[in-house]
Each structure stands twice: as structure tokens, then as C-alpha cells.
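Participant: Listed below, chain by chain, are the residues.
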Amino acid sequence: MLKKILLLFMVMLAFVKPIFSMEQDSCIQIILQKDKVSFDEAAHQICERKSIGDIRFAAAILEKRLYKSQTIALTKYKGNDDYVPVFSTTSIGFSKDSIQEVKLSRKQRLAFSSLSKYCNLISAKPEVRIMGYQLLISKGVLSDAPIVKAFIKEELDEKVRLSAQSALMGIMLRSEDLKDQDEALLQMAKSRSGIFVNALKDYAELNAEDAGRAEKANSIIRYIHRKEVFVNFIQNLFSGISLGSILLLVALGLSIIYGLGGVINMSHGEFVMIGAYTTFCMQQIFIAAFPPAWFDFFYIMSIPFAFITSGLMGLLIERLIIKHLYDRPLESLLATWGVSLMLIQLCRTIFGDVTAVKAPSFLNGGIEVIEGLMLPYNRLFIIGLTAFMVVITYLVFNKSRLGLKIRSVTQNRNMSSCVGINTKQIDSLTFMLGSGLAGVAGCAMTLIGNVVPDMGQTFIVDSFLVVVTGGVGKLVGTIVSAMGIGVLSKIFEFFFQAVYGKVVMLGIIIIFLQFKPKGLFPDKGRHSDDD
Amino acid sequence: MIKDNKYYILFFVVFMILLPLAYVVGLVDINTITLWGRYFCFAIAAIGVDLIWGYTGILSMTQALFFCFGAYGMGMYLTLSNLPAGTTLPAFMTWNQVSELPLFWQPFESFPAAMALALFVPAAFAAVFGFFVFRSRIKGVYFAIITQALALAMFLVFSRNETMLGGTNGLTDFKTILGFDLRSSNTKLALYIISFGVLCLVFVYAKNLVKSKFGKSLVAIRDSESRMRFTAYKVTNYNIVIFVIAAVIAAIGGILYLPQTGIITPGRMSVQASIEMVVWVALGGRGSVKGAVIGALLVNLMYSIFTSLMPGAWLYVLGGLFIVTVLYLDKGIVGLFDQLKQKFYPVKSNS
Numbered sequence: 012m013l014k015k016i017l018l019l020f021m022v023m024l025a026f027v028k029p030i031f032s033m034e035q036d037s038c039i040q041i042i043l044q045k046d047k048v049s050f051d052e053a054a055h056q057i058c059e060r061k062s063i064g065d066i067r068f069a070a071a072i073l074e075k076r077l078y079k080s081q082t083i084a085l086t087k088y089k090g091n092d093d094y095v096p097v098f099s100t101t102s103i104g105f106s107k108d109s110i111q112e113v114k115l116s117r118k119q120r121l122a123f124s125s126l127s128k129y130c131n132l133i134s135a136k137p138e139v140r141i142m143g144y145q146l147l148i149s150k151g152v153l154s155d156a157p158i159v160k161a162f163i164k165e166e167l168d169e170k171v172r173l174s175a176q177s178a179l180m181g182i183m184l185r186s187e188d189l190k191d192q193d194e195a196l197l198q199m200a201k202s203r204s205g206i207f208v209n210a211l212k213d214y215a216e217l218n219a220e221d222a223g224r225a226e227k228a229n230s231i232i233r234y235i236h237r238k239e240v241f242v243n244f245i246q247n248l249f250s251g252i253s254l255g256s257i258l259l260l261v262a263l264g265l266s267i268i269y270g271l272g273g274v275i276n277m278s279h280g281e282f283v284m285i286g287a288y289t290t291f292c293m294q295q296i297f298i299a300a301f302p303p304a305w306f307d308f309f310y311i312m313s314i315p316f317a318f319i320t321s322g323l324m325g326l327l328i329e330r331l332i333i334k335h336l337y338d339r340p341l342e343s344l345l346a347t348w349g350v351s352l353m354l355i356q357l358c359r360t361i362f363g364d365v366t367a368v369k370a371p372s373f374l375n376g377g378i379e380v381i382e383g384l385m386l387p388y389n390r391l392f393i394i395g396l397t398a399f400m401v402v403i404t405y406l407v408f409n410k411s412r413l414g415l416k417i418r419s420v421t422q423n424r425n426m427s428s429c430v431g432i433n434t435k436q437i438d439s440l441t442f443m444l445g446s447g448l449a450g451v452a453g454c455a456m457t458l459i460g461n462v463v464p465d466m467g468q469t470f471i472v473d474s475f476l477v478v479v480t481g482g483v484g485k486l487v488g489t490i491v492s493a494m495g496i497g498v499l500s501k502i503f504e505f506f507f508q509a510v511y512g513k514v515v516m517l518g519i520i521i522i523f524l525q526f527k528p529k530g531l532f533p534d535k536g537r538h539s540d541d542d
Numbered sequence: 003m004i005k006d007n008k009y010y011i012l013f014f015v016v017f018m019i020l021l022p023l024a025y026v027v028g029l030v031d032i033n034t035i036t037l038w039g040r041y042f043c044f045a046i047a048a049i050g051v052d053l054i055w056g057y058t059g060i061l062s063m064t065q066a067l068f069f070c071f072g073a074y075g076m077g078m079y080l081t082l083s084n085l086p087a088g089t090t091l092p093a094f095m096t097w098n099q100v101s102e103l104p105l106f107w108q109p110f111e112s113f114p115a116a117m118a119l120a121l122f123v124p125a126a127f128a129a130v131f132g133f134f135v136f137r138s139r140i141k142g143v144y145f146a147i148i149t150q151a152l153a154l155a156m157f158l159v160f161s162r163n164e165t166m167l168g169g170t171n172g173l174t175d176f177k178t179i180l181g182f183d184l185r186s187s188n189t190k191l192a193l194y195i196i197s198f199g200v201l202c203l204v205f206v207y208a209k210n211l212v213k214s215k216f217g218k219s220l221v222a223i224r225d226s227e228s229r230m231r232f233t234a235y236k237v238t239n240y241n242i243v244i245f246v247i248a249a250v251i252a253a254i255g256g257i258l259y260l261p262q263t264g265i266i267t268p269g270r271m272s273v274q275a276s277i278e279m280v281v282w283v284a285l286g287g288r289g290s291v292k293g294a295v296i297g298a299l300l301v302n303l304m305y306s307i308f309t310s311l312m313p314g315a316w317l318y319v320l321g322g323l324f325i326v327t328v329l330y331l332d333k334g335i336v337g338l339f340d341q342l343k344q345k346f347y348p349v350k351s352n353s
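If you read the protein sequences in the order shown, they are chains A and B.
Under our numbering, the first residue of the first sequence is numbered 12, with each subsequent residue one higher.
Under our numbering, the first residue of the second sequence is numbered 3, with each subsequent residue one higher.
Here chain A stands alone, though its shape is the one from the complex (with noise of 0.2 Å):
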């Protein structure tokens, strides 16, 4: 393909011949000479003309950047100190002493205003170009017709090249011409794309007398808003399956604590940020001892760590405080809120306010399954990680001895002292695998926000509603609710706004817990409800 418009841009070269002419190009000459007598006659002309070299030109005097070194025309882009030819043709050297800067007035240059739409077209960004050619959609006349297609001949970007016949749809439905509109309106129905909706909308007003154009625009404008709300509505979807895997991830440790010990561990969300900055240090560390091709590695190497750490720090504070705590639920959360406090404060103390991860590029962009529904790379690896840290937690408690001993202690705690498992060891490597969670949870954060000492409160309140939602201590339950919690919330947030949605998703709550008080998964049988 891009051999193809190479040769083809080639073949173009060799018969378009006034572009490689231009250095002898007499316009272009009484501009550099600055010849007062014949300047604006010259500068008209170059607007009329509009050739993708004169666009260039005009771009360098509108932007006050224009030099020349005897007869070539000189321009030099932002950032960088190179002169280079205003046209890519000149091959003619140039010496660097002899450049000189061209000045214009103010006057001078606004004749050449005319042309300072297109100077986006030439700029070497490709999303500068995207935008002006946006822009001309339906802000552009007939008369840019020409130029368009021009350009559209020599852009090699792909995205750059499909916007650009964009701009020429928008352009032709101007056309005097009925069947250049037919066509321009069968494209756009065809694409059904957002940009064109100014466009439309103004076809139809001009066309109001011609019933039968206006409402075939209007149809047309009725097909492109169907498929936006189609597009958010997935879009949304997506963002709240993304949402309650994060939740899922912090309520997952939650439950599982809090099932095993009835300890309600207001402290989780710590252990979330703990992870955060674990991910954040092994950045520094990678940033600081390695070379920066390896830099990438550093996220994939901080989710065990992030594991380790925050399952470090929990069996720390297990052991020191949340031991005396177990089967005293409402003392427990007193207590592990006091940590919460000093850990968000002796974070504070040692990393400041405000830090961020930088994404391993890997995980930049996204995938585009249709034009206007983007689903990035994180929030997919965020969904992927938790599905696999599901998978693994399922497969320790039910496949494995200690998953065994967890679930047999979440049971019956003297039942199992007795039959001779060590209860106290279980709680505190339940208590370690609940953190670490926590901490992996804290990983994938990093990715779609701030690493800040409080960055684990967000979360805490929403993963206790879906601990309570899901039945305590229930895999199963836990999952669902998460993820219900998450596309529900981000429904209704689609709905209301972000923060009736969450009073809304809260109401909603409430009226479910007055049928299934237990959750959703609630144990089977009839259990005593005081201690």
C-alpha cells in the first residue's frame, strides 16, 4: 500500500511541474525580495493558486518563520533549530551564514490570511492535521475542494488520509453539483460518524424548502445518534465491568478476612495504596539501576512484589493488632480504622502528596473496535489481572490443603482446632492473602490514576457494599455483586449523574437487602445470630 502511493506520489511528482518550479516561482521571489511595488498582487495570487508548496509558504509567514538564504525560501519548526526549505523539492545547498530572517508587517502577512485554515493541514503532527481537516467539514467552502484532494494524494498516514476525505464529504455536500450531494450523503450514511452532524445540520437547514434532501440529512443525522447512544451504552458497559474488577479485587481480600474472622478491616484500602507505592518504588528503582529499555518490566515485575509487600505489612499488622480483634467485628473496624489513619499519615510523612506510575508502554492505546468505541489497554489488563487473581483464589481454596484448612476454620473455628489444624497460623496467612490482594488491587490502580497516600478510601466504603451485597465469604457472591455494583453504578452514573447514581445504586441496596438480608449467596441452614 504505501510502496503504491509512494510510486504513485512519484509518478505525480514528474508532471505536476509548477511545485518543482517554485524556487524560480516569480510570486514567490517578490515576496522574499520583498518588492513593495508588486507584493500584494504577488500574495493574491499565491492564495488563488493554493498549491500544497504555497500553503507551506504562507504557513511559515503567518507563523513569523520564514528566512531565506539568496533565493530559497527557508523555514524552521518549533523545537528544533534546523533551517529547513519551505519546499521539500528545493536541492539546491545553502550556506548557513547567509540565511537571513524575512519580515514582514502585520499587513504583509494578513494577505495571506486567506490560506491560515490549511496551515494545520501541513503540520507534522498527524492529530494537528486530523483537527484542521475536522474543522473543515463544515467550515469548509467549494473552493477548498481542489486542495483537499491534493492533499489527500500525498498523505501517507492512513487515519490522516480518512479524515481528509471526510473534510472532501463535507465539502462536496456544499457542491452545486446534485450528484456530488447524493454522494457525499451516501459516504456519510455509509460512515456514520459524529463529525459530520454540524455538517448535516446545516444541510438541512439550507436544504428546509427541499423536504425530501432535508429529511434525508436529518435521517441521516437520527442513524449517527442511534449509534452514538450505541457506542456509550458499550462504552459504558465496559467501563463499569472495568470499575467492578477493581472493586472485585479489593473486596475479594475483604471477604475473605472478614468471612474467616469476622474482622472488618477498615484498613484494607491502605493495603491497597501500599501496593500503589510498592509499584511506584520498584518504578524508581528501574528508573535508577537499569537501562531504560528495561523499563517496561518494572510493572510486570511489581505485581508479585506489590503481592509480597502488602501481604508482609498485613501479616505485620495481623500479628500486632487484628490477632486480639477476631469474632469482634465492631471493635475491629474501630481499631483498623486507627491504622488506616497512621498509615495514610506515616505515608504522607515518608512519600509526600502527590506521585503517579508512569504506564509501561505496552499498555498505551487501545483497541478501536469500531470508529468512536475505544477500549484502552490498561482498563483490558486490569479486567484480565483480576480475572486471573480470581482464578487463582479460587483454585487455593478449593484445590489446595491450605484453601482447605481456610474454608474448614471459616466454618467451624473449635471444630477444627480440634481435628488439629492450627487455627491461629491459618488466620494469619488468610490474613496475608487478603492483603496481598489488596496489594495487586493497588497495582492495577496505578494505572488509571494518582498514587496518593489516600487513594485506598475511594474504594473502601463501594467494597464494603459489595462484601455485604455478595454474602460474606462467598467467592461466587463476591464476584457478582462486584461486578453488578460496577455496571450498575456506571448505568446509572450514564443515567443520572455521577452523583445520584451512586444514591441511586445505594437505594437500590438497601431494597435488596430487605429480601435477602445474608446477600445474595447467604449460608444455607439456620446459624444463631448473636454470638
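Any given hint could be a false lead.
Said to hold, decoys possible - No farther apart than 16 Å at their CA atoms in a straight line, the calculated lysine to aspartate or glutamate pairs in the EDC-like style are these: (1) A/K114 / A/E74; (2) A/K435 / A/D338; (3) A/K45 / A/E112; (4) A/K114 / A/D46; (5) B/K141 / A/E342; (6) B/K333 / A/E342.
Stated by the list, open to error - A few chain B residues facing chain A, derived, Cβ under 7 Å: (7) L61; (8) S138; (9) R139; (10) Y144; (11) A151; (12) L154; (13) R162; (14) Y318; (15) L320; (16) L329.
If you are wondering where the hints come from, they were derived from the structure by calculation, not from laboratory data.
The beta-carbon is built from N, C-alpha and C at its ideal position, and this holds for glycine as well.
Model the placement of chain B on the given structure of chain A, informed by the hints.
Facilitator: Just chain B now, with coordinates in the frame of chain A:
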């Protein structure tokens, strides 16, 4: 009689007579007086927390929210009565392009109506919420979590601009209350004395409440809810009533708190604020009305001392207080003193 209550009388004399007297002769700054006035408001709220958590065993994270309901009620009245001449709307509403005073603001133009609403709204809110939650026998941890979420949600709602409650900036900039200048020392002293008086009244009320049959039932619910149910007590109704009483007491604290602070923001109703209230009571001694008052005064005094001497250390101290209280001071300071008393002056129990 006097011998039994000597500590109460000492407490009353110190704060009702000695401290104002010390101010009048110039020993104490008016700011110290206001500071204590504020502590008393917290102590009132702490009594509410003690009734619901200490006596009934329900850990509610909405006490700070009810405190704020009271404070906002007072704040709305003060906002409307302090409008600069020629304006009919608070400044933040004008910024939000509101042309007419919202309907729910209108009753707050009159003082009695504002006070009635400041007490009625939290009561009604607590009654409705309590009805749904206690009916489905949500209690203990579940109740704590649900109320936590409620506090968070309300915090978010109050922080919004379009709810017309001043957004995150809250309500502030009050100059007069019922025609008295809020900045004058006499008004401040009067507010202090009123706060202390109300604290005493609430204290006596709470004391009587817990001594009554109703209070004993609350303790029974705390110790074994299902046994209470089996003996045909309507536990749900008890829970709702005490939840409402605690809410109203918290709101009273809030009403008195606002004119002495001059500002109320949604930050006051956060989950953290509620949990701090609980730790006041835990430190002072749960299940003891005087413990709640002592705890509230002590923690807030410590807060003032630490934030002015070493600002960075306060959160460590507070966190440490949480842990130490829970792990080692099961009955709080009051319990500690009782234990010491038992140790040094063993009293033979003969009742």
C-alpha cells in the same frame, strides 16, 4: 446526695461559673471560651453516639450526618437572616444562576420554623431509614457498612452545587444571630453558656433514659437481640426510637455548633467524622453517659493541643487512640478509673 454527685457539681461549677468568671476578670481569652463551647456541642453529639452505640450496640456511621443536618438547618436560617441589604438570594445561588429562593429554603426565614426543621428533618430521616433497615434486621457490621455508604452518598449530595446547599464551600459568612453580633464577646459567652446548659440538660435526659425501663431494654438488645425478640419485645421499634433520639441529640449539637464556628461544610458529615465520634465515646467509656462527655472533651482538647504544637503528629495520635482504646481500654477511661478504684478501695458489694 451532695456526696454522691460531687464530681458532677465540681464539673458544673468549673464550667458554668469559674470559666466565665475567669474570662470576666481577664484570665482567659474569649477564644478559649468559644473553643470549650464547641467541645460541649461535640459532647452533646457524643451522648447521642453513646445512646445508640454504647447502650444499644448499634454502630451508626450517620451521627455526624445528623449533626450536620442540625448545623445546616441553623446555617440556612443564618444565611437568610444575614443576606446583605438589597439581595434576596445567598451569593452562591446567584452564582449558580438561580433566580428564586428554592422552596425548601423558604421556611428557614423564620427562626422557630428553622429550628423545628433542623430537629425534625434528622428525626424523620432517621425514622424512615431506620424503619427500612431495622425491619429487615440489618444490624452489627451490616448496619455499620450501610450507614457508612449512606454518609458517603449524603456527603456527595451536599457537595453538589445544584442541591443548593452551598456545595463544598458549605454555608458561612454569618454576622448576626437574632440581631446579636456574632463577633462580639458577649454573644460568644452567651452561646457558650447556652451550649453548656443544653449539654447538662441532654446529660440529665440521657441519664434518666438509660435508667428507665426503656434504657434497660436497650442494654438487653445490645447483649442479646434474639432473646429480646423471643420474649416478645418489638426490637425493631426500640431500635428505630433510639436511632431517632440519637439523631435528634446529634442535631441539637449541630445547631449549637454552627454559630460558634461560623462555617459548616459537607466535610463534617464524612464517614471519618462519624467514626471519630465513636472513638470519643470508646475512649471515654462506652455505656456510660459521663464517659461519652469526658471522651469528647478529652479528644477534642488533645486535637487542639496537637494540631497547634505538632500538626504532623495528630493523625498518629488519633490512630493510636483508636487502637489502644479498642485493645486495652474496653470500658474506656471511666472503666479504667472504676478498676483502679476497685483495686485501691475495694468496696464490698452488698446490694
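Participant: Each of the hints needs a verdict: does it hold here or not?
Facilitator: Right, here's what the structure says about each hint:
no.: 1; hint: A/K114 / A/E74; in the structure: 11 Å, holds
no.: 2; hint: A/K435 / A/D338; in the structure: 13 Å, holds
no.: 3; hint: A/K45 / A/E112; in the structure: 12 Å, holds
no.: 4; hint: A/K114 / A/D46; in the structure: 12 Å, holds
no.: 5; hint: B/K141 / A/E342; in the structure: 14 Å, holds
no.: 6; hint: B/K333 / A/E342; in the structure: 12 Å, holds
no.: 7; hint: L61; in the structure: 5 Å, holds
no.: 8; hint: S138; in the structure: 4 Å, holds
no.: 9; hint: R139; in the structure: 6 Å, holds
no.: 10; hint: Y144; in the structure: 6 Å, holds
no.: 11; hint: A151; in the structure: 5 Å, holds
no.: 12; hint: L154; in the structure: 5 Å, holds
no.: 13; hint: R162; in the structure: 6 Å, holds
no.: 14; hint: Y318; in the structure: 6 Å, holds
no.: 15; hint: L320; in the structure: 6 Å, holds
no.: 16; hint: L329; in the structure: 6 Å, holds
In the structure shown, no violation is registered for any of the earlier numbered hints.
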